[in-house]
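Chemist: Sequence:
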Amino acid sequence: MKKLILKRSGLSLLLLCLYRIASAQMPMPPVVPIWDANKVTLELQKISTDIYAIIPTTAKTETDKGIPQATTGGFIIGEKGVLLIEVMLTKRLYDQEIKLIRSVTNKPILFAVNTSDHGDHCFGNYLLPASTLIIQNEFAKENLEKNYVGIKQFMVTLFGAGRGIENTVFRPADLVIPKNSNLKVDLGGGKIIELLNVGTAQSPADLFVWMPNQKVFWAGNPFIAESPAIPWLFDGFFLEPAANLKKMYDFLPDDAIVIPGHGRITNKAGIKYTIDYVQELKKEVEAAVDKGLNLEQTKAAVKMKAYDKGYVLFNWLHFNFNLPNAYKDISDNKKK
Numbered sequence: 001m002k003k004l005i006l007k008r009s010g011l012s013l014l015l016l017c018l019y020r021i022a023s024a025q026m027p028m029p030p031v032v033p034i035w036d037a038n039k040v041t042l043e044l045q046k047i048s049t050d051i052y053a054i055i056p057t058t059a060k061t062e063t064d065k066g067i068p069q070a071t072t073g074g075f076i077i078g079e080k081g082v083l084l085i086e087v088m089l090t091k092r093l094y095d096q097e098i099k100l101i102r103s104v105t106n107k108p109i110l111f112a113v114n115t116s117d118h119g120d121h122c123f124g125n126y127l128l129p130a131s132t133l134i135i136q137n138e139f140a141k142e143n144l145e146k147n148y149v150g151i152k153q154f155m156v157t158l159f160g161a162g163r164g165i166e167n168t169v170f171r172p173a174d175l176v177i178p179k180n181s182n183l184k185v186d187l188g189g190g191k192i193i194e195l196l197n198v199g200t201a202q203s204p205a206d207l208f209v210w211m212p213n214q215k216v217f218w219a220g221n222p223f224i225a226e227s228p229a230i231p232w233l234f235d236g237f238f239l240e241p242a243a244n245l246k247k248m249y250d251f252l253p254d255d256a257i258v259i260p261g262h263g264r265i266t267n268k269a270g271i272k273y274t275i276d277y278v279q280e281l282k283k284e285v286e287a288a289v290d291k292g293l294n295l296e297q298t299k300a301a302v303k304m305k306a307y308d309k310g311y312v313l314f315n316w317l318h319f320n321f322n323l324p325n326a327y328k329d330i331s332d333n334k335k336k
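For the sequence shown, our numbering assigns the number 1 to the initial residue and increments by one for each residue that follows.
None of these hints come from the bench; they were simulated from the model. Built from N, CA and C at the ideal position, the CB exists for glycine as well. Hints should not be assumed to be uniformly reliable.
Said to hold, decoys possible - Computed beta-carbon distance windows for the label pairs:
{"no.": "1", "residue 1": "45", "residue 2": "304", "range": "28 to 34 Å"}
{"no.": "2", "residue 1": "167", "residue 2": "190", "range": "37 to 43 Å"}
{"no.": "3", "residue 1": "80", "residue 2": "301", "range": "51 to 57 Å"}
{"no.": "4", "residue 1": "43", "residue 2": "189", "range": "39 to 45 Å"}
{"no.": "5", "residue 1": "80", "residue 2": "306", "range": "45 to 51 Å"}
{"no.": "6", "residue 1": "43", "residue 2": "172", "range": "27 to 33 Å"}
Make the full structure from the sequences, and use the hints.
Modeler: Written out as structure tokens, the structure is:
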């Protein structure tokens, strides 16, 4: 299969610079590590025939308590082999993932999908067999190629030293999906997977995984988890994520099975809290900008108490990232 090579854009270079700045200056969360990769245990949850989610054992009981969870993933078994979704942060977690796969199939892992360039979704790539084709979107590939060391340090900052993050090695993607493009993978046996790059829904590196026949959706980081979790919009964007989150929510049928990026398995109704929070934040920040409030005044006015329902990271995300990014995008948009 031919490897795709994409030309670097000026916008991507700018975003790389912003990423490095954000990594160096990011306010620390209230608890570090956010979750401990040395303690996480992963388990299988069967979705349908030959379709599995891989989730932390704590996700079922801790998601609604507002406790951030480790990365969820999964895999699909077809006639030809396996498509893996997420390769985890460290070798310890990757090894658990492979053991779970091998508990139900010995078929080769043909594809591995990284739904983000954040390390907990892609740092295990170097451990995959050489024959496995790694799939990312174009920004994820570019950013990881140019800034792997910086992203690794960012991960250590949030998830702690001595967790195995430092030992990871960069491995580039083999298949790249441009923005506003899709890739269809047919594993045989009715297992058709659509990989959707709709643009920034959390970061420019997002990919969504959709199985139209079985109505199974891997949501990745844009939909972190059910309530009380709020989205992690810390990559410097708001208006494009707000539009794309709503676009993907509207795309899903009501009976879709949704596997969030960091929480228990849910459904379309279970991720509406994310949409409601983002739409309300947009409405309130627009009102503040219309009144001529500056950023600090907007922070004082837009506390979003209706959504502060016990998520451990609410204040860190809302006041340091989500609200300031909304203010920046909305203010800039009104100047046009």
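Chemist: Indicate, hint by hint, whether the structure satisfies it.
Modeler: These are the hints, each one checked on the structure:
The hint said 28 to 34 Å for the Cβ distance between residue 45 and residue 304, and at roughly 32 Å that hint holds. Checked against the hint of 37 to 43 Å, the C-beta distance between residue 167 and residue 190 comes to roughly 39 Å, which is consistent with it. Residue 80 and residue 301 have their C-beta atoms about 55 Å apart, which keeps the hinted 51 to 57 Å range intact. Against the hinted window of 39 to 45 Å, the Cβ-Cβ separation of residue 43 and residue 189 comes to about 25 Å, which falls outside the hint.
A hinted range of 45 to 51 Å for the beta carbons of residue 80 and residue 306 is consistent with their spacing of about 48 Å. Our hint of 27 to 33 Å for residue 43 and residue 172 holds, since their Cβ atoms are close to 30 Å apart.
Hint violations for this structure: number 4 only, all remaining hints satisfied.
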